[in-house]
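Protein chains: 2
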Amino acid sequence: MSGESDRTARVLAGDVRAGARLMRDLDDRRPDAMAELKQLYAHTGRAAVIGITGNPGVGKSTVVDGLIGAYRKQGLKVGVVAVDPTSPFTGGAILGDRIRMQQHALDDGVFIRSLATRGQLGGMSRSTFDVALVLDAMGYDIVLIETVGVGQDEIDVMRAAHTTVVITVPGLGDDIQAIKAGILEVADVLAVNKADREGADRAVRDLLHMLDLRDAEGGRRDVEIVKTIAAWGLREGSGMDDLLAAIAAHRERLASDPEGQSRAEARAAAHVIELVKGLLADRAARGLEQLGGMGEVARSVATRALDPYTAAEEIAAKV
Amino acid sequence: MSGESDRTARVLAGDVRAGARLMRDLDDRRPDAMAELKQLYAHTGRAAVIGITGNPGVGKSTVVDGLIGAYRKQGLKVGVVAVDPTSPFTGGAILGDRIRMQQHALDDGVFIRSLATRGQLGGMSRSTFDVALVLDAMGYDIVLIETVGVGQDEIDVMRAAHTTVVITVPGLGDDIQAIKAGILEVADVLAVNKADREGADRAVRDLLHMLDLRDAEGGRRDVEIVKTIAAWGLREGSGMDDLLAAIAAHRERLASDPEGQSRAEARAAAHVIELVKGLLADRAARGLEQLGGMGEVARSVATRALDPYTAAEEIAAKV
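Chains as they are written, first to last, in the working numbering: chain A, 1 to 319; chain B, 320 to 638.
Here chain A stands alone, though its shape is the one from the complex (with noise of 0.2 angstroms):
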């Protein structure tokens, strides 16, 4: 047995440290980690694979704290990819949210991964995909996906997870339930977090409008509403198990249901476009060293000597 097969039988046999070097190795971009995954790919399909999404400052951390303590009661293991496609010059609350989150380090049914690379070419979603697989493949029932923001890149990293939690809080202006409504797309379950604040019942009644401002327009789907007040280590929280309750059903929907067919799908042809891309890019980067990289193109172009459509087309054509 090669080592690689030793530790593939040493990942889906939970071996946290096995699990973290594949993830390292996957991030590298070793050749030998991706022929692994190939190999843990058939072992998995058993976890589920939760997002949590929303605005910044809506306490993302803190419900996502507070379903890890709620899953870790049920005796559930938890596994967490927080995606933060910001630059790696953060600090302030999320460097100290990681480290509070980071209590449940102590607990061996957590294992919680970090993604900060800044992927040129859909590096994010196609990484999340990968980790969540390896947590999948390690046994982890309950994989949670975290995401900083709601733009573009977040809404595609959702595409990796079965059930997907928006979060909001009360008091948000009309410029931020209007974006709102670009991630209400993704929500299979609405959360209005800090609902102890003024204004949760009408946050609720709003999102019920843009609700069925949606089925309106031909996407009907059930989305559950519930009342969140997150706090670090569930010491004065609540709504926990309502949220809980609300993504366990949405789970069931789902399985006795031709969409939860459809949507696995979706997720599959979703994951295989995020790698067909990232092949692309390999070889995009190789003709460009072919010709000469990207200096001496970026010169040319600059100095309007070349234009950038024929420039990217003798690249293109060197892949």
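All the pointers check out, no bait thrown in.
Restricting the straight-line Cα-Cα distance to at most 25 angstroms, the calculated cross-link-like pairs of lysine to aspartate or glutamate (DMTMM-like) are:
#1 B:K357 / A:E296
#2 B:K637 / A:E289
#3 A:K318 / B:D351
#4 A:K318 / B:E608
#5 B:K637 / A:E313
#6 A:K318 / B:E584
#7 A:K38 / B:E608
#8 A:K38 / B:E633
#9 A:K73 / A:D241
#10 A:K318 / B:E633
#11 B:K637 / A:D32
#12 A:K38 / B:E615
#13 B:K357 / B:D334
#14 B:K546 / B:D520
#15 A:K227 / A:D241
#16 A:K38 / B:E632
#17 B:K357 / A:E313
#18 A:K77 / A:E252
#19 B:K392 / B:D561
#20 B:K546 / B:D515
#21 A:K318 / A:D282
#22 B:K546 / B:E571
#23 B:K392 / B:E543
#24 B:K392 / B:D560
#25 A:K318 / B:E632
#26 B:K357 / A:E289
#27 A:K73 / A:D242
#28 B:K637 / A:E265
#29 B:K637 / A:E314
#30 B:K357 / A:E314
Derived DEER-like restraints, expressed as beta-carbon distance ranges:
#31 B:S433 / A:R30: 40 to 46 angstroms
#32 A:R72 / B:G490: 32 to 38 angstroms
#33 A:A248 / B:R605: 40 to 46 angstroms
#34 B:S433 / A:E252: 38 to 44 angstroms
#35 B:D427 / A:D282: 46 to 52 angstroms
#36 A:D282 / B:Q609: 17 to 23 angstroms
#37 A:D201 / B:G612: 45 to 51 angstroms
#38 A:D15 / B:R605: 38 to 44 angstroms
#39 A:D282 / B:D531: 36 to 42 angstroms
Read the hints as simulated data drawn from the structure, not as lab findings. These numbers were taken from a predicted model, which means no experiment stands behind them. Think of the CB as a built atom: it goes at the ideal place given N, C-alpha and C, for glycine as much as any other residue.
Chain A is already provided as a structure; the job is to place chain B on it using the hints.
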């Protein structure tokens, strides 16, 4: 002279209908429209391309409205690319903003183009480059690129700008401050909008502190901070002149600095890379068709009869 080159001449003469049609043909990815861009490219490089970004609710559209008014007072023609990477399912304030901004539609010195396409493969960034190029070729002196959020997508879009203005407001929480660190990387000018609110001076101090932190990490670059109070139609706005001066000062610094050249090359490189991605995505789509479309592949992957890594390699091999 062919029909295309006739239109090219009209675009270069600033004909609004010809420009709008070219943009629409670019949306449809018509090869003849791409060919036209090659001809136009040599005539571009005169416009000042200014990116406007920031979190939802900071008043980006109002600032853009104020900038349009201020530049028009100087007799300059202004093109606007409004980039909204969320769904067409937007409404409320954003739609309202667009309508209010359309007051400028009566002014033939202003051209506003919204990009709402959700590109599969960096399409938003590519479209922004293309539309900014067409506006430049049409003779607009100023091209404003307004984005709706602060994700990776928006940072990519900002690669098309010469000068990037990041807008913030007083009183944002730590969470949002941390997010902003990501976007600080791309900021050339920082505007603290709604500066009549409590905490404006503190917001300025916080930003200075964050810039200091960044400088300590070796990312030193002059970034001017201005306070603005933007209001629709500049009725009660203030600080717009300071913002204009800060943008102009940044532009002058770039012109007299080797950084200006290296940034022009970085912009050119980013544009070429986006175009290469697009060309490869087209080829991947054709490769998929040869495999009988994604449906068959997705079904096999979803049932775990085929792993996504092997599927991706097979598709890439057909490209």
